[in-house]
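*Asks:* Single-letter residue listing:
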Amino acid sequence: DVKVTQSSRYLVKRTGEKVFLECVQDMDHENMFWYRQDPGLGLRLIYFSYDVKMKEKGDIPEGYSVSREKKERFSLILESASTNQTSMYLCASSGVSGGSYEQYFGPGTRLTVT
Amino acid sequence: ELKVEQNPLFLSMQEGKNYTIYCNYSTTSDRLYWYRQDPGKSLESLFVLLSNGAVKQEGRLMASLDTKARLSTLHITAAVHDLSATYFCAVDIKTDKLIFGTGTRLQVFP
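Top to bottom, those sequences are chains A and B.
Just so we're aligned, residue 1 is where the first sequence starts under our numbering, counting upward by one.
Just so we're aligned, residue 1001 is where the second sequence starts under our numbering, counting upward by one.
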């Protein structure tokens, strides 16, 4: 079974803090993704990566950066957290398998910025 | 711009009834996925549909794909309370990304 893990289930940070969200997958997948999910707005793609040290902006990259130094690990960084970044953050990974790019999701991190 | 639209957005249905959730998309694709999300939880994969005419069934849920109509359906048979969740479809446009629908929140009541 594919396993995608995220470093924290719940996180509370103060405005202005630097925040690191970690994601690790164990299936040797090439692609990794960070989404945020807010009520009424569905899933919105922040950044994704299709290879080590490669990154691509998604739909809402402002205020975020990412790092992928190893294939299995993809980090989301909030350089200076703000209250409007309070959200559920979901990490996912995918690799081509039988013609499918199915994404596998981690358990999510609920971040509150006060 | 690629759009993936689900309807209805919210569905309240009685146990034992049947209903269908629709997922329409605006570009060519022959691969589509369905996910389930329970409140406060992450997304769980339900079905992977990889060709026109594909049909998959698991328990009371059945998903199908019509690539010519750019339509996928998720049919619920004899609903039970445990099916209460939000269901997302996601379209694969072969760029390593998936485009997610808005989600359908299903509530099954006795």
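None of these hints come from the bench; they were simulated from the model.
Treat the numbers as computed from the prediction; the structure is a model and nothing was measured.
Hints may be right or wrong, so weigh each one.
Unchecked claim - Calculated lysine-lysine pairs in the DSSO-like style (CA-CA distance at most 30 Å, straight line):
hint, chain 1, residue 1, chain 2, residue 2
1, B, K1056, A, K70
2, B, K1056, A, K3
3, B, K1041, A, K18
4, B, K1041, A, K3
*Asks:* It remains to establish, for every hint, whether it holds in the given structure.
*Replies:* Hints versus structure:
1. K1056/B - K70/A: violated, 36 Å
2. K1056/B - K3/A: Holds. K1056/B to K3/A sits at ~23 Å (cutoff 30 Å).
3. K1041/B - K18/A: holds, 25 Å
4. K1041/B - K3/A: holds, 15 Å
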